[in-house]
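The whole structure should be built from the sequences, with the hints applied where relevant.
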Amino acid sequence: QLDVAIDGADEVDSDLNLIKGGGGCLTQEKIVAGYAKCFIVIADYRKKSKSLGEQWKKGIPIEVIPMAYVPVTRALTKNFGGAAELRMAVSKAGPVVTDNGNFILDWKFDKVHEWSEVNTAIKMIPGVVETGLFIDMAEVVYFGMEDGSVSVREKQPR
51 QLDVAIDGAD
61 EVDSDLNLIK
71 GGGGCLTQEK
81 IVAGYAKCFI
91 VIADYRKKSK
101 SLGEQWKKGI
111 PIEVIPMAYV
121 PVTRALTKNF
131 GGAAELRMAV
141 SKAGPVVTDN
151 GNFILDWKFD
161 KVHEWSEVNT
171 AIKMIPGVVE
181 TGLFIDMAEV
191 VYFGMEDGSV
201 SVREKQPR
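Here the working numbering runs 50 ahead of the position in the sequence shown, where the first position is 1.
Be aware that a few hints might be false.
Pairwise CB distance ranges (calculated) [claimed, not checked]:
| hint | residue 1 | residue 2 | range |
| --- | --- | --- | --- |
| 1 | G73 | R124 | 23 to 29 Å |
| 2 | M174 | R96 | 29 to 35 Å |
| 3 | K100 | A139 | 30 to 36 Å |
| 4 | A143 | S99 | 31 to 37 Å |
| 5 | V200 | N129 | 34 to 40 Å |
Result set (EDC-like, lysine to aspartate or glutamate): computed pairs, CA atoms no more than 16 Å apart in a straight line [said to hold, decoys possible]:
| hint | residue 1 | residue 2 |
| --- | --- | --- |
| 6 | K108 | D65 |
| 7 | K128 | E104 |
| 8 | K97 | D63 |
| 9 | K87 | D186 |
| 10 | K98 | D65 |
| 11 | K98 | E135 |
| 12 | K107 | D156 |
| 13 | K108 | D156 |
| 14 | K98 | E196 |
| 15 | K158 | E189 |
| 16 | K173 | D156 |
| 17 | K98 | E204 |
| 18 | K205 | D63 |
| 19 | K98 | D57 |
| 20 | K87 | D53 |
| 21 | K161 | D63 |
| 22 | K87 | E104 |
| 23 | K108 | D160 |
| 24 | K100 | E204 |
| 25 | K100 | E164 |
| 26 | K97 | D57 |
| 27 | K100 | D65 |
| 28 | K107 | D160 |
| 29 | K97 | E196 |
| 30 | K107 | D63 |
| 31 | K87 | D57 |
| 32 | K161 | D186 |
| 33 | K158 | E104 |
| 34 | K98 | D197 |
| 35 | K87 | E189 |
| 36 | K100 | D63 |
| 37 | K205 | D65 |
Hints in this document: simulated from the structure, not taken from any laboratory.
Built from N, CA and C at the ideal position, the CB exists for glycine as well.
Quick look at the structure:
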């Protein structure tokens with residue numbers, strides 16, 4: 051077990067729910083964060099939001115087994131709305147392939163959801179490896195503000 055893990059995020063909401071995986075390494079990042087006693091996030095002010103989707107417009111990354119990306123895409127849009135797209139590579143032909151040999155779908159949701167429930171439901175879809183939703187994992191988030199100051203958002207006791 052790790053004592054502490056420190057990482058960035060693509061977006062952080064007021065409950066410290068995170069969207070991560072814009073760079074494509076969400077499964078490995080979630081494994082590290084999940085096995086740390088304390089997970090700390092450092093991000094710039096552009097990643098701070100009240101609700102997920104306010105700042106990050108590229109969708110929630112979802113790592114999928116390659117043969118399942120079509121049915122998973124259909125299940126996402128049918129069950130949760132929005133649109134899911136296979137992430138395509140920029141400097142090579144074809145889709146992005148993760149370090150685990152899988153594909154990434156970017157799910158552009160069209161409304162605010164109960165993220166804990168949605169995260170669990172998505173992970174139950176056959177072919178889904180992991181989501182870029184990091185729910186109830188971060189202890190504290192430090193935001194570097196435009197003026198050089200630091201804004202701190204801490205997990206609230208439940």
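Each hint tested on the structure:
1. G73 <-> R124: 23 to 29 Å: 26 Å, holds
2. M174 <-> R96: 29 to 35 Å: 32 Å, holds
3. K100 <-> A139: 30 to 36 Å: Once the Cβ atoms are compared, 33 Å apart, the range 30 to 36 Å for A139 and K100 holds.
4. A143 <-> S99: 31 to 37 Å: Holds, at about 34 Å.
5. V200 <-> N129: 34 to 40 Å: Roughly 39 Å apart at Cβ, these two residues keep to the hinted range, so it holds.
6. K108 <-> D65: 20 Å, violated
7. K128 <-> E104: Cα-Cα ~23 Å, so violated.
8. K97 <-> D63: 9 Å, holds
9. K87 <-> D186: Since the Cα atoms of K87 and D186 sit roughly 13 Å apart, the hinted pair holds (cutoff 16 Å).
10. K98 <-> D65: The hint holds at about 11 Å.
11. K98 <-> E135: 25 Å, violated
12. K107 <-> D156: 10 Å, holds
13. K108 <-> D156: Between K108 and D156 the Cα gap is close to 7 Å, so the pair holds against 16 Å.
14. K98 <-> E196: 12 Å, holds
15. K158 <-> E189: 26 Å, violated
16. K173 <-> D156: Holds: K173 and D156 sit about 14 Å apart, inside 16 Å.
17. K98 <-> E204: 13 Å, holds
18. K205 <-> D63: 11 Å, holds
19. K98 <-> D57: This hinted pair holds, its Cα atoms lying about 15 Å apart.
20. K87 <-> D53: Answer holds: K87 to D53 is near 5 Å, not above 16 Å.
21. K161 <-> D63: Holds. K161 to D63 sits at ~14 Å (cutoff 16 Å).
22. K87 <-> E104: Violated: K87 and E104 sit about 29 Å apart, past 16 Å.
23. K108 <-> D160: 12 Å, holds
24. K100 <-> E204: Holds: K100 and E204 sit about 14 Å apart, inside 16 Å.
25. K100 <-> E164: Cα-Cα ~14 Å, so holds.
26. K97 <-> D57: 13 Å, holds
27. K100 <-> D65: 8 Å, holds
28. K107 <-> D160: Answer holds: K107 to D160 is near 11 Å, not above 16 Å.
29. K97 <-> E196: Between K97 and E196 the Cα gap is close to 12 Å, so the pair holds against 16 Å.
30. K107 <-> D63: 14 Å, holds
31. K87 <-> D57: 14 Å, holds
32. K161 <-> D186: 20 Å, violated
33. K158 <-> E104: Measuring from Cα to Cα gives roughly 12 Å; hence the hint holds.
34. K98 <-> D197: Distance ~15 Å between K98 and D197 Cα, so the pair holds.
35. K87 <-> E189: Since the Cα atoms of K87 and E189 sit roughly 10 Å apart, the hinted pair holds (cutoff 16 Å).
36. K100 <-> D63: Holds, at roughly 5 Å.
37. K205 <-> D65: Holds, at about 7 Å.
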